[in-house]
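S.K.: Could you put the whole structure together from the sequences, leaning on the hints where they help?
Note that the protein sequences, when read in sequence, are chains A and B.
Read in order, the letters of the first sequence are residues 1 to 109 in the working numbering.
Read in order, the letters of the second sequence are residues 110 to 223 in the working numbering.
Honestly, the hints are just simulated from the structure, not real lab data.
Among the clues, some could well be false.
[Unchecked claim] For lysine-lysine, the following BS3-like pairs were computed, each having C-alpha atoms within a straight-line distance of at most 30 Å:
| id | chain 1 | residue 1 | chain 2 | residue 2 |
| --- | --- | --- | --- | --- |
| 1 | B | K206 | A | K68 |
| 2 | B | K206 | B | K161 |
| 3 | A | K57 | A | K96 |
| 4 | B | K153 | A | K57 |
| 5 | B | K153 | A | K68 |
| 6 | A | K108 | B | K147 |
| 7 | B | K153 | A | K81 |
| 8 | A | K81 | B | K147 |
| 9 | A | K96 | B | K153 |
| 10 | A | K96 | B | K147 |
| 11 | A | K96 | B | K206 |
[Said to hold, decoys possible] If you only want the chain B side, here are some residues facing chain A, beta carbon under 8 Å, derived:
| id | residue |
| --- | --- |
| 12 | S149 |
| 13 | Q150 |
| 14 | A151 |
| 15 | L154 |
| 16 | H157 |
| 17 | L199 |
| 18 | K206 |
| 19 | G207 |
| 20 | G208 |
| 21 | A209 |
| 22 | Q212 |
| 23 | F214 |
| 24 | P216 |
[To be verified] Derived Cβ-Cβ restraints for the label pairs, each shown as a range:
| id | chain 1 | residue 1 | chain 2 | residue 2 | range |
| --- | --- | --- | --- | --- | --- |
| 25 | B | P117 | A | S65 | 36 to 44 Å |
| 26 | B | S131 | A | T44 | 17 to 25 Å |
| 27 | B | K161 | A | T13 | 48 to 56 Å |
| 28 | B | A167 | A | Q25 | 13 to 21 Å |
| 29 | B | T221 | A | S67 | 42 to 50 Å |
| 30 | A | T23 | B | R204 | 25 to 33 Å |
| 31 | A | T92 | B | R219 | 27 to 35 Å |
| 32 | B | Q150 | A | K81 | 21 to 29 Å |
| 33 | A | R59 | B | V121 | 38 to 46 Å |
| 34 | A | F45 | B | T169 | 22 to 30 Å |
Beta carbons are placed, not taken as given, at the ideal position from N, Cα and C, and that holds for glycine.
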Amino acid sequence: GQNIDQPTEMTATEGAIVQINCTYQTSGFNGLFWYQQHAGEAPTFLSYNVLDGLEEKGRFSSFLSRSKGYSYLLLKELQMKDSASYLCAVNTNAGKSTFGDGTTLTVKP
Amino acid sequence: DAMVIQNPRYQVTQFGKPVTLSCSQTLNHNVMYWYQQKSSQAPKLLFHYYDKDFNNEADTPDNFQSRRPNTSFCFLDIRSPGLGDAAMYLCATSRDKGGAYEQYFGPGTRLTVT
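M.R.: Rendered as structure tokens:
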């Protein structure tokens, strides 16, 4: 079966750095995605990792360790607009993505 | 702009009354997906099309059906909606299957069952 775990909620302060963790156990692995989803809106793509290591994209970075079944999304210089749900999704060998329940991030002034 | 469009954005139907949700894309992507998402939960894959090849998830109820008449359009039919089917329904596309292709989501249709 597929199991993806993320913290349910996190709170951080504007301007700070926050790390959102994701652990997974899946039948097959063909890459890991992070999506951002604002309340009532569709998910939008943030990052993709298939090899171990860190991928950096502006204020957002994503890390993957395949041997540990672990990824994190790092958000720097937090802004109020970063308040959203962050979804970790694993692509299995069947070419489908299994999503975690998401981490709701609240950024406070 | 290339995009994924869902209509309507909000749909109210009665218990047991068939309803159809529609999705169209201008991205010319091969793969189209339908997800059900309930509040604070993960999007749950119902089925997907790889071109014309239909793939149903094992736990998708028979009440849910889909049609893809051409590359651009995909429909979700709920034959007899129950109260438990109230949710956000997300359509997504990807260029191809496989790890490197991210999914592009439409804005969703929020279904209410009365």
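S.K.: For each hint, tell me whether it holds in the structure or not.
M.R.: Hint by hint, here is what the structure shows:
For the proposed pair K206/B and K68/A, the alpha carbon gap of about 25 Å is at most 30 Å, so the pair holds. At roughly 13 Å between alpha-carbon atoms, K206/B and K161/B fall within 30 Å of each other, so this suggested pair holds. Of the pairs offered as hints, the one joining K57/A and K96/A holds, with about 24 Å between alpha carbons and a cut-off of 30 Å not exceeded. Between K153/B and K57/A the alpha-carbon distance is near 28 Å, which keeps this suggested pair within the 30 Å criterion.
Between K153/B and K68/A the alpha-carbon distance is near 25 Å, which keeps this suggested pair within the 30 Å criterion. For the hint pairing K108/A with K147/B, the CA-to-CA distance comes to about 26 Å; that is within 30 Å, so the pair holds. For the hint pairing K153/B with K81/A, the CA-to-CA distance comes to about 26 Å; that is within 30 Å, so the pair holds. Taking the CA atoms of K81/A and K147/B, the gap is about 23 Å. The hint holds against a cut of 30 Å.
Distance hint between K96/A and K153/B is fulfilled; the C-alpha atoms sit about 11 Å from each other, no more than 30 Å. Among the hinted pairs, K96/A with K147/B is consistent with the structure: their alpha-carbon atoms are about 19 Å apart, no more than 30 Å. The straight-line distance between the Cα atoms of K96/A and K206/B is roughly 7 Å, inside the 30 Å bound, and the hint therefore holds. Using the Cβ-Cβ criterion of 8 Å, the hint placing S149/B at the interface with chain A is satisfied: the shortest such distance is roughly 7 Å.
Interface restraint check: Q150/B against chain A, minimum CB-CB distance 6 Å, threshold 8 Å, status holds. The criterion of a C-beta within 8 Å of any C-beta in chain A is met by A151/B, whose closest approach is roughly 4 Å, and the hint holds. Because the smallest distance between the Cβ of L154/B and any Cβ of chain A comes to about 6 Å, under 8 Å, the interface hint for this residue holds. At its closest, the beta carbon of H157/B sits 7 Å from a beta carbon of chain A; the interface hint therefore holds under the 8 Å criterion.
Using the Cβ-Cβ criterion of 8 Å, the hint placing L199/B at the interface with chain A is satisfied: the shortest such distance is roughly 6 Å. This hint holds: K206/B has a C-beta 3 Å from the nearest C-beta of chain A, less than the 8 Å allowed. Satisfaction of the interface hint for G207/B is found here, the shortest Cβ-Cβ separation to chain A being roughly 5 Å, below the 8 Å cut-off. For G208/B, the interface hint holds, the least distance from its beta-carbon to any beta-carbon of chain A being 3 Å, beneath 8 Å.
For A209/B, the shortest C-beta to C-beta distance to chain A is roughly 6 Å, which falls under 8 Å, so the interface hint holds. A least Cβ separation of about 7 Å between Q212/B and chain A falls short of the 8 Å threshold, and the interface hint therefore holds. Here the hint on F214/B is kept, as its CB sits about 4 Å from the closest CB of chain A, short of 8 Å. With its C-beta approaching chain A no nearer than about 5 Å, P216/B sits inside the 8 Å limit, and its interface hint holds.
Between P117/B and S65/A the CB atoms are about 43 Å apart, so this pair conforms to the stated range of 36 to 44 Å. Taking the beta carbon of each, S131/B and T44/A are about 21 Å apart, inside 17 to 25 Å as hinted. Checked against the given bound of 48 to 56 Å, the beta carbons of K161/B and T13/A, roughly 50 Å apart, stay inside it. About 19 Å separates the C-beta atoms of A167/B and Q25/A, a value consistent with the hinted range of 13 to 21 Å.
About 45 Å separates the C-beta atoms of T221/B and S67/A, a value consistent with the hinted range of 42 to 50 Å. For the pair T23/A and R204/B, the supplied restraint of 25 to 33 Å holds, since their beta-carbon distance comes to about 28 Å. One distance hint, 27 to 35 Å for the beta-carbon pair T92/A and R219/B, holds here, with the actual separation near 28 Å. Distance hint for Q150/B and K81/A: a CB-CB separation of about 23 Å, consistent with the stated range 21 to 29 Å.
The hinted window of 38 to 46 Å between R59/A and V121/B holds, with their beta carbons roughly 39 Å apart. With their beta carbons about 24 Å apart, F45/A and T169/B fall inside the hinted range of 22 to 30 Å.
Violated hints for the displayed structure: none, as all numbered hints are satisfied.
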